[in-house]
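J.: Now for the letters of each chain:
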Amino acid sequence: MSEQKLQSQTVQTTGHAWDGDLQEYNNPLPVWWVYTFYATVVFALVYWTIYPSWPFGKGWIGGVSDITYVNSEGETKTHSWNTRALFITDMNEAAVAQKPYFDKVAAMPYEQIAQDPDMSGFIISAGKSLFAENCAACHQAGGQGVIGFFPNLTDDDWLYGGSYEKLHETLVGGRRGYMPAFSEVLNGDQVDQLANYVASLSGIGHDADKAVAGDVLFHSETAACYYCHTNDATGRQDMGAPNLTDNIWLWADVPGARTAESKVAAIRGVISGGLNKGVMPAWSDRLTPEQIKVLTVYVHELGGGQ
Amino acid sequence: MQTGLEDQLGLYQKRIPIFTRSVKGRFRRFKSSVLVLAYAIYFLLPWLPWSRLDAPAQAVLFDLPGRRFLIFGLTVYPQDVIWLALLLFIAAILLFFVTGLVGRAFCGYFCFQTLWTDFFIWIEHRIQGERPARVRLYRQPWNREKLIKVGGTHALWILASFWTGLTFVAYFTYAPQLVFDFVTGQAAAAAYITTGIITLSTYAAAGLMREQICTYVCPYGRFQSVMYEPETLAVHYDARRGEGTLGRAVVRAGRGIVVERRRAEGAVAEERRHSSLSAGQRALAERREKGIGDCVDCGLCVQVCPVGIDIRDGLQYKCISCGLCVDACNTIMDSFGFPRGLIRYDSEKNLASPAPAAPKVHWKRLKTVGYGMALVLMSAYLVYSVATRGNFDRAVNQIRQPLYVVLSNGDIRNRYQIRITNKASQEQTYVISARGIPAAALDLGNFSKVAIKSGHSALVQASVRLPPVVAAQTQQFELIITPLGKSAEARTENVRFDAPGKRP
Chain A
0 MSEQKLQSQT
10 VQTTGHAWDG
20 DLQEYNNPLP
30 VWWVYTFYAT
40 VVFALVYWTI
50 YPSWPFGKGW
60 IGGVSDITYV
70 NSEGETKTHS
80 WNTRALFITD
90 MNEAAVAQKP
100 YFDKVAAMPY
110 EQIAQDPDMS
120 GFIISAGKSL
130 FAENCAACHQ
140 AGGQGVIGFF
150 PNLTDDDWLY
160 GGSYEKLHET
170 LVGGRRGYMP
180 AFSEVLNGDQ
190 VDQLANYVAS
200 LSGIGHDADK
210 AVAGDVLFHS
220 ETAACYYCHT
230 NDATGRQDMG
240 APNLTDNIWL
250 WADVPGARTA
260 ESKVAAIRGV
270 ISGGLNKGVM
280 PAWSDRLTPE
290 QIKVLTVYVH
300 ELGGGQ
Chain B
0 MQTGLEDQLG
10 LYQKRIPIFT
20 RSVKGRFRRF
30 KSSVLVLAYA
40 IYFLLPWLPW
50 SRLDAPAQAV
60 LFDLPGRRFL
70 IFGLTVYPQD
80 VIWLALLLFI
90 AAILLFFVTG
100 LVGRAFCGYF
110 CFQTLWTDFF
120 IWIEHRIQGE
130 RPARVRLYRQ
140 PWNREKLIKV
150 GGTHALWILA
160 SFWTGLTFVA
170 YFTYAPQLVF
180 DFVTGQAAAA
190 AYITTGIITL
200 STYAAAGLMR
210 EQICTYVCPY
220 GRFQSVMYEP
230 ETLAVHYDAR
240 RGEGTLGRAV
250 VRAGRGIVVE
260 RRRAEGAVAE
270 ERRHSSLSAG
280 QRALAERREK
290 GIGDCVDCGL
300 CVQVCPVGID
310 IRDGLQYKCI
320 SCGLCVDACN
330 TIMDSFGFPR
340 GLIRYDSEKN
350 LASPAPAAPK
360 VHWKRLKTVG
370 YGMALVLMSA
380 YLVYSVATRG
390 NFDRAVNQIR
400 QPLYVVLSNG
410 DIRNRYQIRI
420 TNKASQEQTY
430 VISARGIPAA
440 ALDLGNFSKV
450 AIKSGHSALV
460 QASVRLPPVV
470 AAQTQQFELI
480 ITPLGKSAEA
490 RTENVRFDAP
500 GKRP
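Which chain is which? The protein sequence lines are A and B, in order.
For what it's worth, numbering that gives the first Met the number 0 labels the leading residue of the first sequence as 0, then goes sequentially.
For what it's worth, numbering that gives the first Met the number 0 labels the leading residue of the second sequence as 0, then goes sequentially.
Quick caveat, the hints were computed from the structure, so don't treat them as lab data.
Even for Gly, the Cβ is constructed at its ideal location relative to N, Cα and C.
When the alpha-carbon atoms are kept at most 25 Å apart in a straight line, the in silico DMTMM-like pairs for lysine to aspartate or glutamate are as follows:
hint	chain 1	residue 1	chain 2	residue 2
1	B	K448	A	D115
2	A	K165	B	D442
3	B	K366	B	E347
4	B	K422	A	D117
5	B	K485	A	D117
6	A	K98	A	D115
7	B	K452	A	D115
8	A	K103	A	E289
9	B	K448	A	D117
10	B	K485	B	D442
11	B	K422	A	D115
12	A	K165	A	D245
13	A	K103	B	E426
14	A	K127	B	D442
15	B	K317	B	D296
16	B	K452	A	D117
17	A	K127	B	D497
18	B	K363	B	E230
Part of the chain A face toward chain B, derived, beta carbon under 7 Å:
hint	residue
19	Q114
20	P116
21	T153
22	D155
23	D245
24	I247
I would like the entire structure built from these sequences, with the hints used as guidance.
T.: Below you can see the structure in the form of structure tokens.
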């Protein structure tokens, strides 16, 4: 009771009384808060003047501050301040800092780059970001690829060759791998025989009789596999025809299949369906020659370089 | 009624300005020597030369762009961050240890807030005069004198703050070059911004806010309070002696003592020493007979207090334990010929005992001994770690994308990235070898030997290729990094080997 009484004495009211006794407490905001609020208003006004702020007609109020930058065409432009131009300026500065390294890359032969500890460090870091930006979408972050879609770049098997020159050629011009669908010319038994033969080449469990028949078929004019995969089935890198005798599989998911039957079935699928998805785009019009050179050395260093 | 009082007063109280009186004594001398020593170290250290081959000749230089910290003969790299962590732990334990023994000694004598405030008050004192003069100046309306004196004080404060800020920046770059660049406008933006921030914060904290930092802002003062124990020495007013049964009392006029009191404000006169010794004892006996305490209520202990408290109200959270009131009270007691120690360092336990003994440090407590031992162990480990650190740092990372590669002949390959940082002062060649796998299995590409400049690091890609049978049996192996010609410094890293079908 006494506390209530004290409150009514000490708390200010707005001074008005409605309906005789209805009053309103006056609880002003703390002074520091009010002044902080005023300060933010002043700050906003200053900000509006200096930086781009309001839409105006078809454009916007640009602010008093200008920014000069060099765009991708090499033209020097001046524009009212904006973060995009700032970003371009920053990127240009970073490019200038990187230039000595890229110049060195351009001037040095591949082997020399790989042997220089400094340059090797640059390749590992710059190559990694270039790879992540351009290549990892298909070949995955570590270059391990995806069976059935994109070749593994970290093993020692190359469809088109793993030398610096061949890697460079692949990067610059792109590649297009193709294998016809043999279900058009062969019956199911023949495809099965061929699949067993191919399995036998890599030491996978197979039916020996079918494999012998598949061997004959492989080297016959009916299937004519040897045209591209060669007589001993080791493939031709100039055509991108893979080596069938090793343990590396790209199109048929042999490592992923559990039983011998399903491994053979996976090979069968590739033979009857053929392939036309082995496409690597050309990078010469997207990346600079130095970037392509960095990537060449980087991919070579991923482990399988020849 | 408490609520009502709070409503009336409000939660905010305007700062009551504090004008401290200067005082002489043991604790003042100690405070001043700590101040001089700390300032000498802080302000002069960046200017101490130290010849180096590959870095500016500065004894203490935190080279942020170079990612290294040069401290005299020692070069610390970011990899040694554990030392910093350890140092912070040691500092924390030292604070707990000291607080348990002698209370907030850190606050009173060593804290930079106290040091800078003390220095700023000294400047204020030199320009505006002793306490009464400063109070008068504060009360008088703005005129030429006040403008010059107050303006001059603030100008000097800002100058001192600026030099504090610039000195801080000088730890991060070559000091003479910094000062030159700073004046000619060529220093880095970070240097100007840092100096500006520290100038402003020093000026605000030591010049304007002062004890408010300790009272309202600083968490250390708060949590040090809970570390006090009954045995902890702290600045105490001996209330039993000071108040007697009737309370404290001013020395009454006409008793001859008032003369002494007037003189007490100045130096103690030699002639009084002989005569007043007995007079003081007589007066004391007279007071005690009447039940009056020894406190003469001169108020000097309040006037010298930098946080503006009355220690006679008892131990309180605002007290930073600086001992100036002890000095003040002892001066007065001396001048009256009363025994010293009415305000003194003592423990709560001792003060409460029927017959207080001479105050002393009680360290034979589990907490204190425990902190002490932790302190010794941690410091010993830090010294050991600094003294025996290797000349190089290494990190071996297995490449996880992919964890393993099956090669065309069925072999399994794992790849590793090895980063070696040379911490030695000269270039060094490192050799990498492996144990636990066939010698031919390790392939280091072009870098079976790698030469690294001092303070630099190099990345080496290594791959290990094992036939499937061997791979299935190899869970892990050892990589050995040996500085060429210093086989004793070789370091071994255990690394995993992954193969298909293996479960981790």
